[in-house]
Amino acid sequence: MSTQERIEILGPGCSRCKQTFHVIQQVVEQEGLAIEVIKDESIERMMALGLMATPGVAIDGKVVISGRIPKPEEVRHLLGIA
Amino acid sequence: MTSLTPLASAQRQPAAEQRYFIAAAVVAALVLLYTQLQRIAEFVTYDVAGLVRGSHLGSAVEFFAFEVPKVLLLLTGVVFIVGVLRSFFTPERARQLLAGRREASGNVLAALFGIATPFCSCSAVPLFIGFVTAGVPLGVTFSFLISAPMINEVALVLLFGLFGWKVAGLYLVTGLLIAIVAGWIIGRLKMERHVEPWVWKIQSGSAGIDVKRTWADRLADGRAAVREIVGKVWIYVIIGIAVGAGIHGYVPTNYLASFMGRGAWWAVPLAVLLGIPMYSNAAGIIPIVQALLGKGAALGTVLAFMMSVIALSFPEMIILRKVLRPVLIATFIGVVAAGILVVGYLFNAVL
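Going down the list, the sequences are from chains A and B. One gets this note's numbering by counting positions in the first sequence from 1 and adding 10 to each. One gets this note's numbering by counting positions in the second sequence from 1 and adding 39 to each.
There could be a bad hint or two in this list.
To be verified - Derived coverage of chain B by chain A (criterion: at least 3 residues anywhere in the stretch with Cβ under 8 Å from a Cβ of chain A; other residues may be distant):
1) 79-89
2) 166-179
3) 223-233
As the list claims (entries may be wrong) - So the derived label-pair ranges between C-beta atoms look like this:
4) A/V47 / B/T253: 20 to 30 Å
5) A/H87 / B/G174: 30 to 40 Å
6) A/E83 / B/V87: 40 to 50 Å
7) A/S52 / B/S144: 27 to 37 Å
8) B/R58 / A/Q40: 23 to 33 Å
9) B/G270 / A/H87: 23 to 33 Å
Simulated from the structure, these hints should not be mistaken for lab results. A virtual CB, placed ideally from N, CA and C, is assigned to each residue, including glycine.
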């Protein structure tokens with residue numbers, strides 16, 4: 011069981027952000043993880059996290075991906091399960 | 040619940056060295072192929088297709104058979120290398136290096152970073168706010184925002200492939216100069232109050248991304264860039280070259296020279312004006328550029344048109360309207376358009 015609780019996908023709602031959301035949601039579903047997947051489109055949140063390129067991904071409030079769409083294996087790796 | 044598939048991890052590890060060897064062999068083969076393209080194109084055109092040397096159709100087909108693989112190979116190689124290089128540059132790092140910089144040297148650095156940092160216009164707003172709230176001067180921020188879309192690898196490769204290194208080099212240098220000077224002017228105009236006030240109230244964190252990235256990750260970035268960019272623009276490249284091939288074989292040169300040549304003073308401003316509402320990537324614009332040039336339009340006019348299309352895009356202005364007041368947007372367009380005008384006239388005068 012992974013220890014993370016919250017994974018945020020940040021971006022203004024462009025197609026690349028949506029793709030990122032799908033990639034992460036799929037991984038979370040496939041692995042059956044109890045992680046909250048949130049899509050946050052607000053600039054304020056992005057700025058609070060210090061993120062400047064979209065799409066971005068933050069796990070428990072820490073930015074791990076900036077300005078690119080992650081691959082499923084990468085997401086698994088970031089979540090500590092591969 | 041860590042039901043990790045053993046297959047995935049097993050696949051990744053074993054043959055890393057073997058895969059690098061194969062990759063190196065493929066690259067070597069492609070380089071060899073690249074050097075032989077002219078011969079292959081001639082063989083296909085005259086020996087396989089049996090066209091007559093020197094005929095209209097023959098020279099059009101030869102041009103197409105040579106240019107399409109040449110530009111696509113070049114584009115793939117450059118996009119891959121740029122994709123890998125860009126994994127070292129992030130906007131977050133650019134911000135760190137630009138914060139508190141003085142103008143002038145800051146403008147130069149920002150314009151250079153603009154080339155190296157991956158950027159899409161959907162990131163323009165977070166990038167803008169991130170920069171200005173971290174203490175990057177407004178003008179320096181604009182230098183970045185101008186150079187990032189204007190000078191991109193696709194534009195440079197296409198210009199290099201179709202018009203030679205001189206045109207590509209001139210584009211790079213003058214594009215950089217516009218970004219530097221226009222940003223500097225906007226800084227001098229002290230337009231901070233024309234930024235939407237809520238922007239200044241935003242607290243920006245400076246969370247660095249401390250995920251270690253390996254060379255394998257960076258090479259994967261390069262491959263992803265190729266898939267994404269070449270996957271999107273190849274069709275434009277082929278259409279552009281097909282148009283170019285038609286012109287090459289059929290249209291008499293200097294056809295357009297009378298009204299888009301360097302003699303017509305109004306050609307450059309008209310080109311810039313036409314370019315602003317048009318929105319296209321560099322690849323989409325190349326067919327038009329080539330068609331215009333092939334018929335005798337002056338190079339300065341055509342480059343001005345291209346710069347205007349990719350650096351001043353209407354959708355990006357709408358996105359930036361969220362953070363900039365109309366006066367500042369108008370100034371931004373005005374200063375950049377003026378820079379492009381100067382470049383257009385300069386090229387027409389010099390070349």
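How the hints compare with the structure:
{"no.": "1", "hint": "79-89", "verdict": "violated (count 0)"}
{"no.": "2", "hint": "166-179", "verdict": "holds (count 5)"}
{"no.": "3", "hint": "223-233", "verdict": "violated (count 0)"}
{"no.": "4", "hint": "A/V47 / B/T253: 20 to 30 Å", "verdict": "holds (26 Å)"}
{"no.": "5", "hint": "A/H87 / B/G174: 30 to 40 Å", "verdict": "holds (34 Å)"}
{"no.": "6", "hint": "A/E83 / B/V87: 40 to 50 Å", "verdict": "holds (44 Å)"}
{"no.": "7", "hint": "A/S52 / B/S144: 27 to 37 Å", "verdict": "holds (34 Å)"}
{"no.": "8", "hint": "B/R58 / A/Q40: 23 to 33 Å", "verdict": "holds (26 Å)"}
{"no.": "9", "hint": "B/G270 / A/H87: 23 to 33 Å", "verdict": "holds (25 Å)"}
Comparing the model with each earlier hint shows violations of hints 1 and 3; every other hint is respected.
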